[in-house]
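Residues per chain, in single letters:
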Amino acid sequence: MKIMVAVKRVVDYAVKIRVKPDKSGVETQNVKMSMNPFCEIALEEALKIKESGLAKEVVAVSMGPSNCVDTLRTGLAMGADRAIHVEASRDLVPLTVAKLLKKLVEVENPGLLILGKQAIDDDCNQTGQMIAGLLGWPQGTFASKVVLDKEKQVATVDREVDGGLETLCLDLPAVITTDLRLNQPRYATLPNIMKAKSKPIKKITPEELNVDVKSDLEVVQVTEPPKRKAGVILSSVDELIDKLKNEAHVI
Amino acid sequence: ASTLVLAEHEGGSIKAQSLSAVVAASSIGQDNRVSLLLAGSGSSLQQAAEKAATCHPSISQVLVADSDKFAYPLAEPWAKLIQLVQLKGGYSHVIATSSSFGKNILPRAAALLDVSPVTDVVGINGTHQFIRPIYAGNALCTVRYTGANPCMLSVRSTSFPVPPISGDSKSDGASISEVDLSTLDEDSIGKSRFIKLSSEETDLPDLGSARVVVTGGRALKSAENFKMIEKLAEKLGAAVGATRAAVDAGFVPNELQVGQTGKIVAPELYMAFGVSGAIQHLAGMKDSKVIVAVNKDADAPIFQVADYGLVGDLFEVIPELLEKLPEKK
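Just so you know, the sequences run in chain order Z and U. Each residue of the first sequence is one higher than the last, beginning at 53 in our numbering. Each residue of the second sequence is one higher than the last, beginning at 116 in our numbering.
Incorrect hints may have been included.
Unchecked claim - Listed next, the stretches of chain Z that the computed footprint assigns to chain U, with coverage defined by at least 3 CB atoms under 8 Å from CB atoms of chain U:
id: 1; region: 97-105
id: 2; region: 144-157
id: 3; region: 203-217
id: 4; region: 260-272
To be clear, the hints were calculated from the coordinates, so they are not data collected in a lab. Ideal placement from N, C-alpha and C gives every residue a C-beta, glycine not left out.
Could you put the whole structure together from the sequences, leaning on the hints where they help?
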């Protein structure tokens with residue numbers, strides 16, 4: 053079985069982002085970029101499945117401008133066998149990403165498609181569900197545990213839902229999106245980083261995949277959220293109870 | 116405008132959170148006709164439908180999809196159902212609450228309808244312009260939807276609070292009709308099967324809708340110590356929350372996690388004990404009306420968002436609070 057993993061290049065999770073003064077977006081020039089943390093978890097899960105002998109190949113896919121190749125190299129250094137870069141200059145909405153992924157799936161025929169549950173830049177949380185819908189595959193979103201049964205061709209997935217943990221059984225091929233607790237992604241070692249340089253990255257364009265990259269969403273403006281005003285530091289529990297009772301009127 | 120609201124129900128009633136989607140629908144426009152879609156099977160579904168018909172004055176119709184296929188909230192049949200109902204009803208908007216149910220189902224349905232959904236909406240400016248947080252709430256993005264109908268949204272329930280229903284404003288009752296499922300496309304239904312839902316039983320209020328939330332962080336040190344938080348919550352009639360660190364350390368189950376990847380809460384009073392205030396945690400609670408922080412470390416970032424801070428040892432502060440707080444009426 054082949055596993056395909058979609059990875060996104062985003063502003064590093066540790067960077068404190070700045071909204072551009074002209075409100076057109078968030079500053080991404082000269083800012084550290086990394087693989088989206090949820091995508092790292094997705095790739096780690098695919099690699100673990102391969103290492104357990106249940107998959108033969110892991111293919112990493114990324115979409116966007118040419119520097120997405122850096123993210124794919126990171127994925128190859130973690131252990132992906134090869135990579136596909138769909139080169140697109142404009143921002144892609146999740147629906148377009150899902151359509152592009154669908155075309156790649158039709159060529160590559162993976163048995164499992166793993167994605168992060170959301171990207172930490174736009175926080176959309178859509179692409180996995182959309183590609184599953186387009187393919188007519190079952191979906192296991194927000195996964196915290198995945199168990200594959202090769203004989204029965206099913207995946208048992210624990211999902212983190214509002215009310216607790218939901219367990220589903222999915223027929224393969226399936227789409228899985230990862231939550232934080234699924235695993236702890238590995239670091240790429242230096243020898244693997246060197247090895248990754250010779251692994252193949254195939255480049256392809258949306259035109260070649262015959263997908264129109266139009267968007268039905270328009271960013272009007274991006275602004276800073278309202279700041280909370282600074283509060284007061286109190287000196288005792290008595291004072292706290294008094295404030296909550298007589299000033300805030302919440303107890 | 117005409118809006119289809121996707122609602123969740125449980126034990127014969129509409130979930131309170133789902134009503135936030137109805138409130139959001141009412142803020143889209145004055146003449147917005149709201150149809151509520153319920154799916155499930157058996158008598159609890161019919162009960163929920165009857166309650167739904169009178170639960171909010173702006174609901175004009177309740178659509179009921181009764182089939183074993185909807186016995187569990189699976190995305191595959193639900194997405195096909197939404198597609199079917201949309202093709203028949205031609206709604207201008209489809210709205211769900213961004214609960215784990217809405218997040219799971221809405222984008223799949225949107226893909227089937229070939230439209231881009233707008234998820235996690237916190238503000239509505241007219242029929243096609245919405246505000247949503249990005250970068251874990253560190254920026255707010257205003258987007259305009261320019262595509263074909265329906266415009267699909269998931270909305271944060273904390274941003275569209277449901278006003279208490281007053282006795283005399285009771286609605287006349289919406290019509291209830293069954294969805295004709297004879298043309299439901301069954302492709303992909305059955306490829307996912309529900310096995311089980313594991314959850315902790317609790318008498319405390321639900322985290323997502325509680326008036327008061329008491330949260331503990333890693334500084335609680337153990338599951339045993341975390342019981343102090345539960346005791347305090349009990350005294351205040353509050354829900355219990357936890358940071359990701361506390362969940363990862365195994366003190367409490369995951370469903371209590373407050374933060375970017377956990378629950379988003381906005382109670383009247385939020386009390387954080389031993390919580391440092393990581394950006395990801397703040398994203399889940401900074402819209403609370405009154406925030407109280409107790410932490411040993413005077414430099415903890417949580418104090419920057421707290422209305423009332425107390426620098427001190429929670430192992431001394433909590434027992435003192437338990438002793439001195441007035442009994443809940």
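What are the numbers of the hints the structure violates, in ascending order?
1
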